[in-house]
Amino acid sequence: MQDATIKQLRSILGPDGVLTAPEDLAVYAYDGTFADQQPDLVVLPTTTEQVSRVVALAAAEHIPLVPRGMGSGLAAGSVPFAGGIALATTRMNRILEIDAGNGTAHVQAGVVTADLQAAVEKIGLFYPPDPSSIRHSTIGGNIACNAGGPRCLKYGVTGDYVLGLTVVLPDGRILKTGGKPIKDVVGYDLTALFTGSEGTLGVICEALLRLVPRPRFIRTALAEFPSLDDASHTVNAILSAGIVPVALELMDETAIACIEEAMHLGLPRDIEALLILETDGGHEAAVQDEIEAAARICRETGARRVQVARDEAERAALWRARRAVSPSLARKAPNKLGEDITVPRTAIPEAIRRIKAVSAQYGLPVVVFGHAGDGNLHPNILFDRRDPDQWATVEKMVAAIFAISLALGGTLSGEHGVGALKRPYMEQALGPLSIEIQRRIKRALDPLGIMNPGKIFPD
Amino acid sequence: MTTTNDHRPPEAAYLNCIRCGLCLAVCPTYRELLTETASPRGRVALARKGLEGELALGPNLFEQMYACFDCLACNEICPVGIRPADLALALRETQEATRPARWKRPLFRGLLPHPGRLELATLPLRLYEHLGVRRLVYAFGLRKLFPGQLADLEAMLPHLPQRPLRHRLPEVTYPFSAAADLLLDPLPAREGEHLPPDPICLNLKGDEGHLTPRPPSHLTSRPPSLRGKGENSSPPRVGEGPGEGSPRVGEGPGEGFPRVGEGLGEGSRRVGEGPVARPMRVGFFLGCAQNVLFAEESAATVRVLARNGCTVITPRETKCCGMPARGYGDGEAARSQARFNIALFEQADVETIVTDCATCGSTLRDYGELLADDPAWAGRAAAFSRKVRDISEFLLSLPLAKPRGRLAARVTYHDPCHLRRGQGVWREPRRLLQLIDGLEFVELPEADWCCGSAGSQLITHYETSLRVLGRKMDNIAATQAQIVASGCPGCQMQLTVGARRRGLHIEVTHPIVLLDRAYRSAGDEPLAVSRGRRATDEG
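Protein sequence lines correspond, in order, to chains A and B. Quick note on my numbering: the first sequence kicks off at 1 and runs consecutively. Quick note on my numbering: the second sequence kicks off at 1 and runs consecutively.
With the rest of the complex left out, here is chain B:
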């Protein structure tokens, strides 16, 4: 939602709310706290009363806007088209514009938009892991000595990479090279209490292949370059080729496109169907959390893309998508980061921008709306947003090579709010998981109910966050799954906390990691020429 010049949401954002109450049924904070104040309808009423002068626009009113988990369930259910979650974000911006909080500027303008500084700031976390301190904490059960919330925050941390991924990932990753230089940091040994569970092991059918960082010469006679403006004569790129007809966000029904998540499989090709001779050039948006915390996952994303014939361009200067700034009311910082990223990816000259972070994806897809009132940027922002695809969605628009590895595990899937509702992507990750042989997929009850992460709610609204998480963990436990997959770093951290709090032995990971494992265990011959046939043979 764009705000007006005085940083207030427009009247249309709340005027037609008739207070029917439909949104109460789906709101995770309402369903835990059972007070109208914690409901979407209540927040819309507060926004309206505050903006119209009936109530003071004071700290407690704004606090109700921060109490929203931005899960978007209310946006989705409202038959009137009111978007209470967006309104809550807009009010945060109103607050920052009128009475800015001192601590926010250094964080959202000084730190987050600067990958280098962010990496430096998170260095202690990496040292904590890699100097072995974390191992000691677990081995001697020292986590128990942490005060409750701190113990939970510690539990959020995944295995941290030794180095941020940005420094290991080439700006251009060539197709079928499967980049040996992306290999994982060795995982620390796991012993002791409340261990992060071991990844479920694959039954290896063959050795890890010999990987070459060099593209097969017949595919890329001219190596693609990051600033490759002069490549217009190169073969058609993604979006013109096999991806055509795949569902897109932001285009309503009636305009000839199926709605997102619907009609999948009509426009997109099936797995293993037909060979692809052309390399596809895709941009990869490496999110902050993926860079410094979940590097292993984004390495997997790039490997899987390369393995499926994509030249992956990862601009190293990519800034934070802007969601944290927006979430804390600094719309200007978010817009500034958006402009930077838009210009950066324009230079990269890609038809598709892939992300493996649900929150980044929904934010990037929102750039068009975020900059709609900026005449110089509106068109460019909209064009950028149209290119954005979640990794699962993009992979399924390709003729995807069938992974050969087996993963004999019971796996469930939690829908990140910003993927399912923010981007309309929910069938695709499930389908990806179901491609893996041996994997027993079990649907999670209330799979699209918020997990309570919402970015930082475990820090700012600890009690509510834990209660929402409790509902999620009940459902996860009921599936008896060994792995819960979810394509969002925030959800993964939250679910990890939930699992550790309960002593539930379940691996929390990104669907792409499982797919990557299944690929890597397959014995990786060069796939380029015979790829389509091979996939068909297997299928």
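Chain A extracted, bound-state conformation:
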């Protein structure tokens, strides 16, 4: 990058806001995957106006620009494969307003999701989306990937809580969408367009989020299943009984073993699957009835034991464990590839059976866990990337897993996004017409192609 450009960036951001040392570039080369490519420079803006000026400069110089939050993504969506500027929003971390009357929060993109949750919960409000990375991911990143999480089963995904956005467009102009009204049908829904756009259409700088009342009562149960097949059938049995749990999480025996090694919770090691169930609401008796009804169904469908968490500490430990499942798998191998398929919920047992068959066929372990209640499964392939044979096998297995999902009426990704890793399968999933329309939208907003190039679209 030219010295003059760096100088201009420093004048916009101050000396602390521009990083150029090799050590800085080396650590902005990755996200939560194994992908690795250095940017030419890192910027750390603190305001929307600074972002606007940086993007305008990038546009003038035709420099690629990749927005990122805390880099916890699982699809290599924020890895700067084309070099250029990595724009980290982590210092845009102010909560600008919490409007309790209207139930909204206006935040900068770099606010850590868990910090926002803690702030609103103090005043009896609730921001439900809870990706497993809540403590190490940002609102901006959550919106850019339309993040999910266990509670989505009852409460919906991040996008369901975005009322409006402040976006810096690829030419540097600042667009504001939406507002505090819940209902708003004026014009195309640009808020929804930018939600899940993975940094390819602009930089999400601020968000207006919808809050709901904090549920007063929560019950969480843990059901032990000797058979994985029984556990997966149970999911639909509960949902079909008219119960709407907050979350219905499944983990298989390898997931249980890894988390037990990491956290020593005393989980049983002689079963094939665990289900975590949670109910919540404003009436204690109703919440209790629901968890008991769900527990009863579990026992009828093959659970060996169902325990309800005795207190908040036990419940918190359970969720801490659940959130650590994905990384803990790395105890078994240097690399893992976590997929994110989603199938219609009646297809869950069949999807799990076929995924396990793929593992048996190719000889690499596939761990299955995920948000079974909404059909969102995370098959994780464990491998060593330094072995070229293993890597070739992994690629074949990924294709096979995607084929299973599509054949069962599912999709490639429920909450991680496409990023770079799922691009080759996009056309298969969506068909050429959908891809063509999306390419036109991209060109309309980013004719220079500087915003997060090389993501989402197949080559």
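Just so you know, these hints were derived from the structure itself, not from any lab. Treat the hints loosely; a few may be bogus.
Stated by the list, open to error - Part of the chain B face toward chain A, derived, beta carbon under 8 Å:
1. Arg-19
2. Leu-24
3. Ala-45
4. Lys-49
5. Gly-53
6. Leu-55
7. Leu-57
8. Leu-61
9. Asn-75
10. Pro-79
The model shown is predicted, which means the values in this text are computed figures rather than measured ones. Backbone N, C-alpha and C define an ideal beta-carbon position, used for all residues, glycine too.
Given chain A's structure and the hints, the job is docking chain B onto it.
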């Protein structure tokens, strides 16, 4: 973490980091600076890229390893078992092995391992206090004239002892003697701006007892000696007796021992339960900072141990635990000091080695790992490490006499990183404080978040250290406590700086000091025979 022959950490130390980012949430430097470079994940990536040749192992890469505060929060949270904080220390050693810094050898080999030289080197500080210069500085507000960082460093200093404790503490302190010869240096008068606050006074119920340096004869027919190898026929020692079943570090679950900090109270006895007729022989590891700066605290530690029936052996030749050397990459110096201390305490023939310094404790407990690759020492080091207990942990494994003094104060507690995470000790100090009548204990929000001291970060990473300290002081101020207790000299110095910077009138001290005050105000009759009954009566 042990390094390989070429002083490089083994591949397993970083290979399986999948860069999930969980550690970013708990890292004090990341949460202040908000750059990946200042995060544990970033440091692991840099270590790997440097060791694998993708990046030069240059000064800026090593600087990122020095920017780590070694608070161990990342070690604790990593579900994969990567220990980024340990890796940062290991890389410092890699640097020293390849391009040693000239100034380090004289400091870490020439000065720190030699208590006498260290005492001499810190003499100017004691003179500064005891010739009255410090009093003048405060009385006339001269500290304001110091440049910012120097003023903060001055503020770190506690009231300095007139003489290092090593020269006042007997090598053997007998039980129930409560050692009159350990009495404190008189504290200097405190007036003027930004005063170090007065200690909160106890409501004395009785006079300070008549203390005798001689052990009651029925307890020690043969006086224990420091080189007491021939004492095998003496009554069972600590670890065999009442301490049995107390949590231990380094022994995983599934081996029959509760994990540290968990299950407390199941194995250990309750306060005031049952009499103890046997004197217990414990070694006391007198750390450097305690010796020359916080002598008052270690005097309190020994007094409390003696008061609770322990014969305390304090080897005078004890060397620095080795943490400063390790922290600055001189692993060889650290290992050499470890070997010396191990041999020294073997001679002392004790079953338990007590320390009142969080950093010493975690380092001593790590000797086993530090010397794991040294066939001649691995076993001895592991045996040494197994004996180490923090003072709070050890006291709670005893049938502890209930202190009679009242301390009517609002007290909070800050967890030293090297005590909570380094040793798994966090319930015990809180319980000790709650033994004191009148004391209102208030839990500190984010009590286990690093205070920013990390040994010398206020010197080497001043801005970051102050920012981390700021978060801590916000939380402390919110408790409205009059005293903040913390069992680590580094934390105490840092918190004192924080309090003085804010003009916050709060006493910073070691929990043992408060306990000792509560004991000393109780009227100290000889406790030996009726001790258990008395404690029960009070309880």
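### Message
Is the interface hint satisfied for Pro-79 (chain B)? The criterion is a beta-carbon contact with chain A at less than 8 Å.
### Response
It holds, given that the least Cβ distance between Pro-79 (chain B) and chain A is near 4 Å, below 8 Å.
### Task
Could you check if Lys-49 (chain B) really has its C-beta closer than 8 Å to a C-beta on chain A?
holds, 5 Å
### Query
Taking 8 Å as the limit, does the beta-carbon of Leu-24 (chain B) come near enough to a beta-carbon in chain A?
holds, 5 Å
#### Entry: Satisfaction of the Leu-61 (chain B) interface hint, Cβ to chain A closer than 8 Å
For Leu-61 (chain B), the interface hint holds, since the closest Cβ of chain A sits about 5 Å away, which is under 8 Å.
### Interface hint status, Leu-55 (chain B) versus chain A (Cβ within 8 Å)
holds, 6 Å
### Query
When the nearest CB of chain A is found for Arg-19 (chain B), is that gap smaller than 8 Å?
holds, 5 Å
### Query
If you take the shortest Cβ to Cβ gap from Leu-57 (chain B) to chain A, is it below 8 Å?
violated, 11 Å
### chain A contact restraint for Ala-45 (chain B) - C-beta distance below 8 Å
The hint holds - Ala-45 (chain B) has a Cβ within 8 Å of chain A, the shortest such distance being about 5 Å.
### chain A contact restraint for Asn-75 (chain B) - C-beta distance below 8 Å
violated, 12 Å
### Task
Tell me if Gly-53 (chain B) is really an interface residue toward chain A, meaning its C-beta lies closer than 8 Å to one of theirs.
violated, 12 Å
In summary, the numbered hints that this structure violates are 5, 7 and 9.
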